[in-house]
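**Student:** Chain by chain, the residues:
There are 2 protein chains.
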Amino acid sequence: MSDKDPLVIFTPSGKRGRFTVGTPILTAARQLGVDLDSVCGGRGICSKCQVTPSYGEFPKHGVTVAETALSEWNAVEQRYDDKRGLPKGRRLGCQATVQSDIVIDVPAESQVHKQVVRKRAEVRDITLNPSTRIYYVEVQEPDMHDPSGDLERLVAALRKDWELPDLTADLSVFKTLQETLRKGEWKVTCAVNLLENRIMHIWPGFYEGSIYGLAVDLGSTTIAGHLCDLQTGEVVASSGLMNPQIRFGEDLMSRVSYSMMNPGGDAEMTASVREGMNQLFDAVAEEAGIDKTLIVDAVFVCNPVMHHLFLGIDPFELGQAPFALATSDAFSLKAKDLDLNLHPEARTYILPCIAGHVGADAAAVALSEAPNKSEDLVLVVDVGTNAEILLGNTEKVLACSSPTGPAFEGAQISSGQRAAPGAIERVEIDPVTKEPRFRVIGSELWSDDPGFLEAIAGTGVTGICGSGIIEVIAEMRLAGIVDGPGLIGSPEQTGTERCFLDGRTYAYKLWEDPETGQVISVTNPDIRAIQMAKAALYSGARLLMDKFGVDAVDRVVLAGAFGAHISPKHAMVLGMIPDAPLDKVTSAGNAAGTGARIALLNTEARAEIEDTVHKIHKIETAIEPRFQEHFVNASNIPNSVEPFPILNSVVTLPTETFNTGSEAAHQGGRRRRRRS
Amino acid sequence: MSDKDPLVIFTPSGKRGRFTVGTPILTAARQLGVDLDSVCGGRGICSKCQVTPSYGEFPKHGVTVAETALSEWNAVEQRYDDKRGLPKGRRLGCQATVQSDIVIDVPAESQVHKQVVRKRAEVRDITLNPSTRIYYVEVQEPDMHDPSGDLERLVAALRKDWELPDLTADLSVFKTLQETLRKGEWKVTCAVNLLENRIMHIWPGFYEGSIYGLAVDLGSTTIAGHLCDLQTGEVVASSGLMNPQIRFGEDLMSRVSYSMMNPGGDAEMTASVREGMNQLFDAVAEEAGIDKTLIVDAVFVCNPVMHHLFLGIDPFELGQAPFALATSDAFSLKAKDLDLNLHPEARTYILPCIAGHVGADAAAVALSEAPNKSEDLVLVVDVGTNAEILLGNTEKVLACSSPTGPAFEGAQISSGQRAAPGAIERVEIDPVTKEPRFRVIGSELWSDDPGFLEAIAGTGVTGICGSGIIEVIAEMRLAGIVDGPGLIGSPEQTGTERCFLDGRTYAYKLWEDPETGQVISVTNPDIRAIQMAKAALYSGARLLMDKFGVDAVDRVVLAGAFGAHISPKHAMVLGMIPDAPLDKVTSAGNAAGTGARIALLNTEARAEIEDTVHKIHKIETAIEPRFQEHFVNASNIPNSVEPFPILNSVVTLPTETFNTGSEAAHQGGRRRRRRS
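Chains A and B, in that order, give the protein sequences. Take the first sequence: its position 258, counted from the start at 1, is 249 in the numbering used here, and no numbers get skipped. Take the second sequence: its position 596, counted from the start at 1, is 587 in the numbering used here, and no numbers get skipped.
Just chain A, with the same shape it has in the complex (with noise of 0.2 Å):
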């Protein structure tokens, strides 16, 4: 190349060279590097290389472009553009040849490692670098007078067009590799794992479809799915299903007890959790309208409970003290190793655990919300049935497990529920008339809109799902209904009559239905529930703040599918996360699912979530004592009604109370607490 051959500019990168005239632009691109898709290997069929050349003058490149600096739109890009069609501007990079001088747009969608968006803007995108790509090759074919095997002749072709490694074949391929090649007369498509540096697939001629992914959230109650496109890293579709481990617990303890005391047990719950894996796939590929074949990764995340079930390793160890994992770092396995019927070579990867009590999904969060790069000290909190818990910035990353129990789902709430229709799950109450106004899940109406019963017709108010709960109860303490350490007050003291007496403690109607009769209310005994549960919730964040060495937190992330429908203001008058900016509290929605589609998307991110999990220190809250002493201190609900932010609840002692004679119901409260 001489100083007189035209200059090829590529953006965004900024890339330059000059180049022969006559050099096709997607040559000229991988020859600088240029990140520039192409599936068929500059052959015209697969049109992933698609540019948008620039004319006219640019002083900033210091190149002026004529019209004529491409060569002419020819027959295969019309070809294409008549059958599929090309976006006005665009052109085939290899085959629109350099003439002279010109400036190159290479379009988002044209990249090979595009950046996926993610929706939220505090959150980097994710880049995509899948375990499996497609490629085209054509293949010489055998000569008797130089015998070699169809394979190596095939990964010569895959050397040479596409520089890939010396590659070996999954033997399931074996089994249709010649015929293929015929087939295909010597053209075929391949998808390479390039992890392995296996061929995992092949197909005859030029392939037009896709391969995929599965990132997949195991949860104790649900295991959600989500069917990712390996070439644009879209999510294609997503399904979930109740865990069928159910039936042996419905939280883990409970099954790892079942383990314990059955034998096989683990063996069953194993079978069971496998078998819902693959009934989730069937319905996710249906969904998606893709043959189950296709799929030919799948990265999972979970509790090492689930972690150590799916796994088929018997969870004893993780019920007693020490709690210690079998292992906690990260598995490659195929899929068929875990019974499940994807494409015959899928690989899995499953993330690494962080401890005993913090899994595999915590890892997710982790690698998701990324404390670890977050120059603010950010706590996230993951809330479930255990919620797990990391607190941390780019100095150091703290995680911990809490025991929160399941009443922020529902369970054990008089009239708790699973978020579905007909679950009441916001709610404001009048500070002044203490009259309460929800919605319920299903309609975007409020009880008191005109039409709210005819648009509830379908299910009416069925009860009180977790975030419902919560916001009820911050709610109630807003309005003065309940006092700090969680005693609902009697009509006298609330002045009204929707305190009712409930046994020896008040409760709280929020609804009677006009109809039925039947009455929806909070009792004394869930405002127990929800305090054991967000003192558990909130001295795990205290603990890492204090083993930190920090009274506040700079930010709060909310994670989790429950985490993502709880109002921060209502979590911050109940004293579930320590106080921060309320702009400073935002919902990352399912962040393990989310770190699970990292992982399936982008293979580095396993390498880095698998470092930064070594490198994550553990804090095990069953043998710190001031997360017992955090806890006595958390179960009151804080005082402050306003302004905004809070106090915070351990350093604000509640002072309002009710003087009377509910004392003794307080008591049995408390005595209750501490048995729990």
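Don't take every hint at face value.
Pairs of lysine-lysine, DSS-like flavour, derived with a Cα cap of 30 Å [stated by the list, open to error]:
#, chain 1, residue 1, chain 2, residue 2
1, B, Lys39, B, Lys51
2, B, Lys387, A, Lys151
3, B, Lys166, A, Lys606
4, A, Lys325, B, Lys283
5, A, Lys606, B, Lys283
6, B, Lys575, B, Lys560
7, A, Lys500, A, Lys538
8, B, Lys325, A, Lys283
9, B, Lys325, A, Lys327
10, A, Lys283, B, Lys387
11, A, Lys325, B, Lys327
12, B, Lys151, A, Lys387
13, B, Lys327, A, Lys166
14, B, Lys178, A, Lys606
15, A, Lys166, B, Lys387
16, B, Lys51, B, Lys74
17, B, Lys327, A, Lys327
18, A, Lys151, B, Lys606
19, A, Lys327, B, Lys166
20, B, Lys151, A, Lys327
21, B, Lys166, A, Lys325
22, A, Lys178, B, Lys387
23, B, Lys325, A, Lys325
24, A, Lys166, B, Lys325
Hints are computed from structural coordinates only; laboratory data are not their basis.
Dock chain B against chain A, hints included.
**Tutor:** Chain B alone, transformed into the frame defined by chain A:
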């Protein structure tokens, strides 16, 4: 270590160094890199580190060794001696400590990389370096203050005590890991696959047994397995089995045809051979009295069609030009992927193929006989239904295969049979009287020895096996009963009434049963069949010699179970192999099986043979016009009777023919040959 510290000299390595008083010999050996075995890591449990101290004057080493040069015989040594017996003069390297200058001999059996001695002088011993070794370790108990998985602490112990890299564990290990660690009170023995850095098995405490590997020669007709102790390299049991695929066709091409004609036929044959393999493994494990799950590695050699069928690849393409293999690469697979019931995580290794007709069995022969390391030009002939032929020296190695057909195995021969008791295996014919004497398998007596009839009474004389056929025809030629072109003379021409008219040609009666009157004879069609077979073999060898540019070879190695039984003299009389000094023609026995054993016991040999195979130049006989030319010229039986070495069969044209009316028969024979 100062100059005043005692000097420790190890023999036979000659490694030496100074160590402070009290250093265990094992520690000194490790620091100097002396190859001294240990499984328990110096804890006085395994006794693998036995050494022999020498006392007295050692002018050669410049030291005088006092009787007190080592610490006194201790209780651990006494206990082991009482229990198992320690050879006289031996000490345990982990117990005996350095007191003053000392000379220590490491006996062969105490070396990690022992030499496994091969019986034949011309080949090198095998360096023991198996895929899997066992290690004893003591593991740190779990601690809630520093949570880590049980595996991570086990791996740390293996790293610390054995300098092993960071290992992972096979999935099935996790099923027993936690229980085993606790059962062994945190002392365990691990089997570690060093090629994949994976823990394959874990035993509580110190495991006193061994682990095993299989070397399997998968032939078209028989499957032979040798069970080897991976700690000593010894063959502990051997067993053979008819290849159950025989029901789908006697020879390879009929099995390929079966797969072509029957949809799913290849899968049927794959299942059949794997099933047979499992039967063989049962038999061999039973013979050795070991649990089959102690077999952790298996190496297979086979021809290309067997290779494909065993791996589950349709051999279709091997049945037609250009005879393209699916792959010629070596395979490393889990045994369970091949439906083999060994240790659940057992590995297998299948040697690479050389070309479409030159398989992993030929590669194994190359590994065993190492023509690439021979200074002499060596011709290696593996005789079978398909003969594999290698010719080479350190400069280069050529390979081809030649379709000899099943005649050498007794098929297509009127009185032919497999090698079994009752079969004639050795023959001599008196050149004057033309009277034969022979021996049958199962008896040491010759047929003219007194008591022969009684000795063979159990079986009788049942037929002629392959080696017998070669001998009888060669002897007939030497006695002038058959002429150069291969015609048997009449009684008049030969002067013996043993020649009798059999259709349009003569036959030679070798035996008539005195009781039943059953006759075993050699017919002219028998001679034609052997002529075809030997001509194919010879032509292949000759073609390689042409390609190498030589007219003679320095030595000849006859390989294969059959090759081991061939008399070199008779093979040369027959013209099966090119001329060579008779003392330069040796038998390698089952060289393919030996190659499998080498690859099993020394994993470095795997990389070596993969490399060698890439460098072997393959000659496809089917497209070489000179092969046909040689074949046509090679069907005669050479005329040189005495002295050996005989002249080359191609160079020396036959001159002695019977001028009789048998010309028509002769022509018929030739026509028949051409049709073959």
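**Student:** Give a verdict on every hint.
**Tutor:** Here is what the structure says about each hint:
1. B:Lys39 with B:Lys51: The given pair, whose Cα atoms are some 28 Å apart, holds under the 30 Å limit.
2. B:Lys387 with A:Lys151: 28 Å, holds
3. B:Lys166 with A:Lys606: 27 Å, holds
4. A:Lys325 with B:Lys283: 25 Å, holds
5. A:Lys606 with B:Lys283: Not satisfied, since the Cα-Cα distance of roughly 42 Å exceeds 30 Å.
6. B:Lys575 with B:Lys560: 11 Å, holds
7. A:Lys500 with A:Lys538: 42 Å, violated
8. B:Lys325 with A:Lys283: It holds: about 25 Å lies between the C-alpha atoms, which stays within 30 Å.
9. B:Lys325 with A:Lys327: 13 Å, holds
10. A:Lys283 with B:Lys387: 50 Å, violated
11. A:Lys325 with B:Lys327: Answer holds: Lys325 of chain A to Lys327 of chain B is near 13 Å, not above 30 Å.
12. B:Lys151 with A:Lys387: Roughly 28 Å separates the two Cα atoms, so the pair holds.
13. B:Lys327 with A:Lys166: 17 Å, holds
14. B:Lys178 with A:Lys606: Judged against 30 Å, a Cα distance of about 28 Å means the pair holds.
15. A:Lys166 with B:Lys387: Status violated; Cα separation ~34 Å.
16. B:Lys51 with B:Lys74: With Cα atoms ~37 Å apart, Lys51 of chain B and Lys74 of chain B exceed 30 Å; violated.
17. B:Lys327 with A:Lys327: Status holds; Cα separation ~12 Å.
18. A:Lys151 with B:Lys606: Judged against 30 Å, a Cα distance of about 21 Å means the pair holds.
19. A:Lys327 with B:Lys166: 17 Å, holds
20. B:Lys151 with A:Lys327: 34 Å, violated
21. B:Lys166 with A:Lys325: 17 Å, holds
22. A:Lys178 with B:Lys387: 35 Å, violated
23. B:Lys325 with A:Lys325: Satisfied, since the Cα-Cα distance of roughly 12 Å is no more than 30 Å.
24. A:Lys166 with B:Lys325: OK: Lys166 of chain A and Lys325 of chain B at ~17 Å, within 30 Å.
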